[in-house]
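Whole structure, please, built from the sequences with the hints as guidance.
For the protein sequence lines, the chains are A and B, in the order given.
For the first sequence, my numbering assigns the number 0 to the initial residue and increments by one for each residue that follows.
For the second sequence, my numbering assigns the number 0 to the initial residue and increments by one for each residue that follows.
Among the clues, some could well be false.
Since the list gives no way to pick one copy over another, a pair counts as held whenever it fits inside one copy or between any two copies.
[What the hints assert, rightly or not] Think about it this way: if two alpha-carbon atoms lie no more than 25 Å apart in a straight line, the pair counts; the simulated BS3-like pairs of lysine-lysine are:
| id | residue 1 | residue 2 |
| --- | --- | --- |
| 1 | K126 | K1 |
| 2 | K231 | K56 |
| 3 | K81 | K62 |
| 4 | K56 | K126 |
| 5 | K147 | K81 |
| 6 | K231 | K147 |
| 7 | K62 | K231 |
| 8 | K197 | K147 |
| 9 | K1 | K134 |
| 10 | K81 | K23 |
| 11 | K81 | K134 |
| 12 | K147 | K126 |
| 13 | K197 | K42 |
| 14 | K197 | K134 |
| 15 | K62 | K197 |
| 16 | K23 | K204 |
| 17 | K42 | K81 |
| 18 | K204 | K86 |
| 19 | K197 | K231 |
| 20 | K42 | K56 |
| 21 | K126 | K231 |
| 22 | K147 | K42 |
| 23 | K231 | K1 |
| 24 | K62 | K23 |
| 25 | K62 | K147 |
| 26 | K86 | K231 |
| 27 | K197 | K126 |
Bear in mind the hints are in silico, worked out from the structure with no lab data behind them.
Bear in mind that the values here come from a model prediction, so they are computed numbers and not experimental data.
Read off the chains here:
Number of protein chains: 2
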Amino acid sequence: MKVFIVHAHPEPQSFNAALTNYAKTVLETAGNEVIISDLYGMKFDPVSDRRNFTSQKEQSYFKQQQEERYATENDSFSPDIKAEMEKLFWCDVLIFQFPLWWFGLPGILKGWVDRVFASGKTYGGGKWYDNGIFKGKKAMLSLTTGGKISMYNEVGINGDIHSILYPINHGILHFVGFGVVPQFIVFGATQINDERRKAYLEEYKQRLLSINETHPIIYPVLADFNEEFQLKFPN
Amino acid sequence: MKVFIVHAHPEPQSFNAALTNYAKTVLETAGNEVIISDLYGMKFDPVSDRRNFTSQKEQSYFKQQQEERYATENDSFSPDIKAEMEKLFWCDVLIFQFPLWWFGLPGILKGWVDRVFASGKTYGGGKWYDNGIFKGKKAMLSLTTGGKISMYNEVGINGDIHSILYPINHGILHFVGFGVVPQFIVFGATQINDERRKAYLEEYKQRLLSINETHPIIYPVLADFNEEFQLKFPN
Chain A
0 MKVFIVHAHP EPQSFNAALT NYAKTVLETA GNEVIISDLY GMKFDPVSDR
50 RNFTSQKEQS YFKQQQEERY ATENDSFSPD IKAEMEKLFW CDVLIFQFPL
100 WWFGLPGILK GWVDRVFASG KTYGGGKWYD NGIFKGKKAM LSLTTGGKIS
150 MYNEVGINGD IHSILYPINH GILHFVGFGV VPQFIVFGAT QINDERRKAY
200 LEEYKQRLLS INETHPIIYP VLADFNEEFQ LKFPN
Chain B
0 MKVFIVHAHP EPQSFNAALT NYAKTVLETA GNEVIISDLY GMKFDPVSDR
50 RNFTSQKEQS YFKQQQEERY ATENDSFSPD IKAEMEKLFW CDVLIFQFPL
100 WWFGLPGILK GWVDRVFASG KTYGGGKWYD NGIFKGKKAM LSLTTGGKIS
150 MYNEVGINGD IHSILYPINH GILHFVGFGV VPQFIVFGAT QINDERRKAY
200 LEEYKQRLLS INETHPIIYP VLADFNEEFQ LKFPN
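The structure is reproduced here in structure tokens:
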């Protein structure tokens with residue numbers, strides 16, 4: 000397997016960093032290739048606008064998706080974006096490693112998605128969801144939370160974690176075609192002891208080494224929807 | 000009313016910009032004060048790390064929330080963050096104006112939240128949700144989507160928009176105490192004609208001028224949860 004880990008944490012000694020480093024060791028030891036984009040380490044710029052492109056279709060009015068399609072045709076994405084796109088197309092498995100900040104991706108990682116998942120290049124023209132460009136590849140979120148596990152379900156104060164992550168799992172990863180395997184979560188990361196951390200690393204190892212055999216989350220397929228993109232037979 | 004609009008769109012001629020400009024005119028004409036943070040115009044830096052602070056509690060290991068609490072005690076947030084916090088505390092009503100990118104906030108706005116909504120300053124020590132620091136103030140999302148309305152509900156291909164926005168409405172705005180009024184959404188923004196755009200502006204005007212009388216979305220209150228932060232009497 001070729002595994003691409005997009006890593007977003009500002010502290011190199013963090014447990015997020017430990018998870019990424021451990022994933023690299025475990026996966027390489029098992030004969031896989033691993034590439035890491037350490038967004039803080041790279042000083043990745045997460046602001047999406049004209050800086051994404053080295054040429055412009057329309058100077059007077061910036062339409063991001065139009066410019067993305069133009070850049071796809073003309074191979075004119077900026078070098079930082081092009082490098083990330085190459086890793087994305089190279090990989091068989093994509094992993095986002097991040098702390099859950101404000102119930103979503105850290106800004107630096109959200110901006111990575113905004114800039115790298117460009118129209119024309121990663122979706123468009125009927126290429127989305129189960130017909131997406133990255134169909135056949137797998138993706139997984141690996142994250143840490145501040146709050147403990149009891150807070151993140153239907154009766155928990157923060158709401159159901161599956162629902163919280165749905166816009167990322169379904170709306171980002173599955174949108175471009177990835178088969179999304181269930182997320183790996185370290186709850187209450189700052190409050191646990193070393194023994195618990197070691198147990199989490201061991202659990203992560205098992206998840207990583209079985210990712211090929213892990214069934215993706217099942218979502219409705221394009222054929223289930225009518226021309227208004229509504230389910231043909233709700234219930 | 001003192002209204003603070005955080006605006007996140009790279010094109011000054013966009014419909015998002017029209018909505019923000021119109022809101023300013025409408026609200027000021029009605030005797031309110033309006034402050035706008037145009038994040039692209041300001042070249043706001045959305046990367047959250049040590050740059051948020053002018054002094055440090057711990058040099059050897061960066062713990063963001065610990066540093067935030069230290070900066071709260073020592074008034075040592077960086078000037079760009081401090082300026083945004085002042086607007087946040089000044090306002091009675093907070094509005095986020097943005098295009099829905101990848102089913103979430105654009106990276107520049109997500110990073111604004113990551114940096115400005117600091118522990119100690121905007122939450123912590125039992126100050127959250129209905130006991131939050133901004134209790135009594137109101138907040139509203141105003142957004143545009145690329146897809147049309149039929150795609151964004153329980154039977155739509157993209158999922159229910161209320162569920163997609165829950166991590167923002169509940170997890171960001173309500174978390175720090177705001178009463179969150181229902182979002183204003185322009186669906187299929189790039190596909191509608193001028194007449195429809197004018198109708199949306201008129202609808203937005205009515206929403207803005209009635210915001211004081213609009214009841215916030217009802218969420219469970221802290222008193223409904225036990226010491227594990229689970230609902231005391233689920234069903």
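Hint check results:
In the homo-oligomer, the alpha carbons of K126 and K1 lie at most 25 Å apart inside one protomer (23 Å), although the nearest pairing across protomers, at 45 Å, exceeds that limit. In the homo-oligomer, the alpha carbons of K231 and K56 never lie at most 25 Å apart, since the shortest distance is 39 Å inside one protomer and 58 Å across protomers. Taking CA atoms no more than 25 Å apart as the test, K81 paired with K62 passes inside one copy only; the shortest distance there is 19 Å, against 32 Å between copies. Taking identical chains as interchangeable, the C-alpha atoms of K56 and K126 lie at most 25 Å apart only when both belong to the same chain, with a minimum of 23 Å there against 49 Å between chains.
In the homo-oligomer, the alpha carbons of K147 and K81 never lie at most 25 Å apart, since the shortest distance is 38 Å inside one protomer and 30 Å across protomers. In this assembly of identical chains, K231 and K147 lie within 25 Å of each other by CA distance solely across copies; the values are 17 Å between and 39 Å within a copy. Proximity of K62 to K231 under the C-alpha cut-off of 25 Å is found in neither arrangement, the shortest distances being 33 Å within a copy and 49 Å between copies. With identical chains, the CA atoms of K197 and K147 are at most 25 Å apart within one copy only, with a shortest distance of 17 Å there and 47 Å across copies.
For a Cα distance limit of 25 Å, the shortest separation of K1 from K134 inside one copy, 15 Å, qualifies, whereas the shortest one across copies, 49 Å, does not. Within a single copy, K81 and K23 get their C-alpha atoms as close as 23 Å, which meets the 25 Å cut-off; across copies the closest is 39 Å, which misses it. Proximity of K81 and K134 under a CA criterion of 25 Å is satisfied intra-copy only: 20 Å inside one chain copy versus 45 Å between copies. Within a single copy, K147 and K126 get their C-alpha atoms only as close as 38 Å, which misses the 25 Å cut-off; across copies the closest is 17 Å, which meets it.
Proximity of K197 and K42 under a CA criterion of 25 Å is satisfied in neither setting, with 30 Å inside one chain copy and 42 Å between copies. Taking identical chains as interchangeable, the C-alpha atoms of K197 and K134 are never at most 25 Å apart, the minima being 34 Å within one chain and 40 Å between chains. With identical chains, the CA atoms of K62 and K197 are at most 25 Å apart between copies only, with a shortest distance of 20 Å across copies and 48 Å within one. Proximity of K23 and K204 under a CA criterion of 25 Å is satisfied intra-copy only: 10 Å inside one chain copy versus 53 Å between copies.
Proximity of K42 to K81 under the C-alpha cut-off of 25 Å is found in both arrangements, the shortest distances being 16 Å within a copy and 23 Å between copies. For the identical chains of this complex, K204 and K86 are intra-copy neighbours only, at 22 Å inside a copy versus 46 Å across copies, given an alpha-carbon limit of 25 Å. Within a single copy, K197 and K231 get their C-alpha atoms no closer than 47 Å, and across copies no closer than 33 Å, so neither meets the 25 Å cut-off. Taking CA atoms no more than 25 Å apart as the test, K42 paired with K56 passes between copies only; the shortest distance there is 23 Å, against 28 Å inside one copy.
Proximity of K126 and K231 under a CA criterion of 25 Å is satisfied intra-copy only: 20 Å inside one chain copy versus 45 Å between copies. Neither within a single protomer nor between protomers do K147 and K42 lie at most 25 Å apart by alpha-carbon distance, with minima of 31 Å and 36 Å respectively. Proximity of K231 and K1 under a CA criterion of 25 Å is satisfied in neither setting, with 37 Å inside one chain copy and 46 Å between copies. Within a single copy, K62 and K23 get their C-alpha atoms only as close as 38 Å, which misses the 25 Å cut-off; across copies the closest is 24 Å, which meets it.
For the identical chains of this complex, K62 and K147 are inter-copy neighbours only, at 18 Å across copies versus 42 Å inside a copy, given an alpha-carbon limit of 25 Å. For a Cα distance limit of 25 Å, the shortest separation of K86 from K231 qualifies neither inside one copy, at 37 Å, nor across copies, at 47 Å. Taking identical chains as interchangeable, the C-alpha atoms of K197 and K126 are never at most 25 Å apart, the minima being 41 Å within one chain and 33 Å between chains.
Going down the numbered hints, you'll see the structure goes against 2, 5, 7, 13, 14, 19, 22, 23, 26 and 27, while the others check out.
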